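*Asks:* The chain contents come next:
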Amino acid sequence: MLKYDIVIIGGGPAGLAAAIEAKKNGIDSILVIERDRELGGILQQCIHNGFGLHIFKEELTGPEYAEKFIEELENIGIEYKLDTMVLDVTDDKIVNAINTKDGVLTIKSKAVIFAMGCRERTRGAINIAGSRPSGVYNAGMAQRLINMEGVMVGKKVMILGSGDIGLIMARRLTLEGAEVIGVLSRDNFAAGLMRNVVQCLEDYNIPLMLRQTISKINGKDRVESVVVVNLDENKKPISGSETVYECDTLLLSVGLIPENELSRNAGIKIDRATKGPIVNESMETNVNGIFACGNVVHVHDLVDYVTEESRRAGKSAAGFVKGELNNNESFIETKPSKGINYIVPHKIRVENLEKSLELFMRVRGVYKNSKLVVKLNDKIIKELKKRHMTPSEMEKIVINKSLLSEQKDAVLTVEVVKEA
Amino acid sequence: MEKKEMVCIVCPVGCRLEVFEDDKSKSGYIVKNAACPRGEIYAVKELKNPTRVVTSTVKIKNGLLNRLPVKTDGTISKDKIFECMEIINSIEVDAPIKVGHIIVENVLGEGVNIIATRSMALAEKE
Ligand SMILES: Cc1cc2nc3c(=O)[nH]c(=O)nc-3n(C[C@H](O)[C@H](O)[C@H](O)COP(=O)(O)OP(=O)(O)OC[C@H]3O[C@@H](n4cnc5c(N)ncnc54)[C@H](O)[C@@H]3O)c2cc1C
Ligand code: SF4
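Just so you know, the sequences run in chain order A and B. Counting from 1, one number per residue, gives the positions in the first sequence under this note's numbering. Counting from 1001, one number per residue, gives the positions in the second sequence under this note's numbering.
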């Protein structure tokens, strides 16, 4: 059996940042396990720019951002295994993995960091009638095929879902010579960032088709057409509003969910709102010594926040191995209140905080001229004015440690309040 | 006089700007509804000389992957994007390549280069 102090599962930006930070905090026996042929995670296929504005103060593409961390990881000599898939992690931190070179690997670790990222929702998760011809792709899959394999997915394309990946792929396909008929959104606004609506759709005159969805896919071997239907205010299809669009390809960009099969098997509690592990201020799950960070915890739209959060996980895991992490039973619980969908972290042990606490959250709807109000046991400890908030952009609140005191059953809430 | 509507994308507030041509103002335009000065700068630039960074891929031989990601290392005129893509699509490079390597110098005569956005090692021989 192999033995390490810290095993990190996933070599995307989360796993890389966690590994580097653990090493910087005095741990030498570290192994990163990645199932893909190289490190970098999803960033390697995100060739557009817009990464790293917070951390590097410049706009990088996904691969450039990844390479900075991969280089550092290699320079400081952290071990990693590629083409290796983790099959199972037990609650006493035995990691079972497999690859073609070593066969089955059993690794005993003092601490484990989950950094498996997220996966795309599939068509199975959304119901569309019709046959299952070829030419239907998840948007992220299409992105990988075009940007890494050099395989073009189609000539005439409809895109279902107006999240950032759908918008970015609309531009990418257009640049590569395909005709994009439109991007469909169930709502009366796009799910992705305004910046992407302007620079990916409007720049190329690609229609954003609001309040519409696909009711049927036609085609025997290959997609031949799709039936688009209008939705009413309650998002119910309006009968008689069907329009048929000829196309050979349909891209689905209908959302991401944290990849948590391993977590569930290890007995880790999952938050129903984030679909990721419940974590504390140190990014530790309910299983002592198992940490989680990045998209496996909650889906991020800014990789900079992934890096920040993962550094904290790496540092805390190092602290855990060295026996320096306080495991006090009393903690503050965070609870999303009016207008807030979720808050990460879920539990706060104040003595493990350095100077301040960082709370990440998403709001439920679009709010203009409002404020975020933070209360500890019903007493306001912080207010933050916000001109504009939307569910597609994660909010971050920094709270000074001195404002937090741990009492038994303490509860910290955040709510949205409209300004008069 | 013609009114042009546009959304400012400089920050997430997304002000809905109204822009009017105006010979008397210094920029040649009057920008309404901008909640801060950056909105006006953005609107005038977008109308006078819109530019973009282009990101794409080029073919690569003997590399770990079939495609090498590239970008323009500055912005180019928006109306030259497809011209830029034609050049990008005509190129094939050989592995290995280092990130930042110049693939095409001074691509459209605008002083901007096309550079590699990652390093690519030689593919391992089976
Ligand atoms: C299409 C797309 C576009 C984006 N655009 C932007 C943008 O413009 N700007 C920005 O700042 N952010 C953007 N993001 C967000 C940002 O890239 C992600 O939040 C970030 O990459 C998440 O990092 P991660 O390490 O948590 O996950 P990932 O990058 O997904 O890495 C997870 C890694 O774990 C590996 N793994 C999973 N399971 C196992 C297993 N069982 N065994 C071994 N390895 C495993 C995977 O192979 C993968 O390499 C985008 C995200 C996506 C998906
Ligand atoms: S005008 Fe100012 S406040 Fe409004 S979107 Fe632009 S940068 Fe933001």
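Just so you know, not all the hints are guaranteed correct.
[Unchecked claim] Per label pair, the in silico range of CB-to-CB distance:
hint	chain 1	residue 1	chain 2	residue 2	range
1	B	E1018	A	S330	52 to 60 Å
2	B	E1105	A	K24	37 to 45 Å
3	B	A1035	A	S356	27 to 35 Å
4	A	V244	B	C1011	15 to 23 Å
5	B	E1105	A	D301	28 to 36 Å
6	A	A410	B	C1011	50 to 58 Å
[Said to hold, decoys possible] When the alpha-carbon atoms are kept at most 30 Å apart in a straight line, the in silico DSSO-like pairs for lysine-lysine are as follows:
hint	chain 1	residue 1	chain 2	residue 2
7	A	K347	A	K408
8	A	K418	A	K379
9	A	K386	B	K1059
10	A	K68	B	K1004
11	B	K1061	A	K68
Keep in mind the hints are simulated off the structure, nothing from the lab. Small disclaimer: the values here were computed from a predicted structure and weren't measured. Just so you know, even glycine gets a beta-carbon here, dropped at the ideal spot from N, CA and C.
*Asks:* Each hint should be assessed against the structure and marked as holding or not.
*Replies:* How the hints compare with the structure:
no. : hint                         : verdict
1   : E1018/B / S330/A: 52 to 60 Å : holds (56 Å)
2   : E1105/B / K24/A: 37 to 45 Å  : holds (39 Å)
3   : A1035/B / S356/A: 27 to 35 Å : holds (29 Å)
4   : V244/A / C1011/B: 15 to 23 Å : violated (40 Å)
5   : E1105/B / D301/A: 28 to 36 Å : holds (35 Å)
6   : A410/A / C1011/B: 50 to 58 Å : violated (35 Å)
7   : K347/A / K408/A              : holds (13 Å)
8   : K418/A / K379/A              : holds (18 Å)
9   : K386/A / K1059/B             : violated (45 Å)
10  : K68/A / K1004/B              : violated (42 Å)
11  : K1061/B / K68/A              : holds (24 Å)
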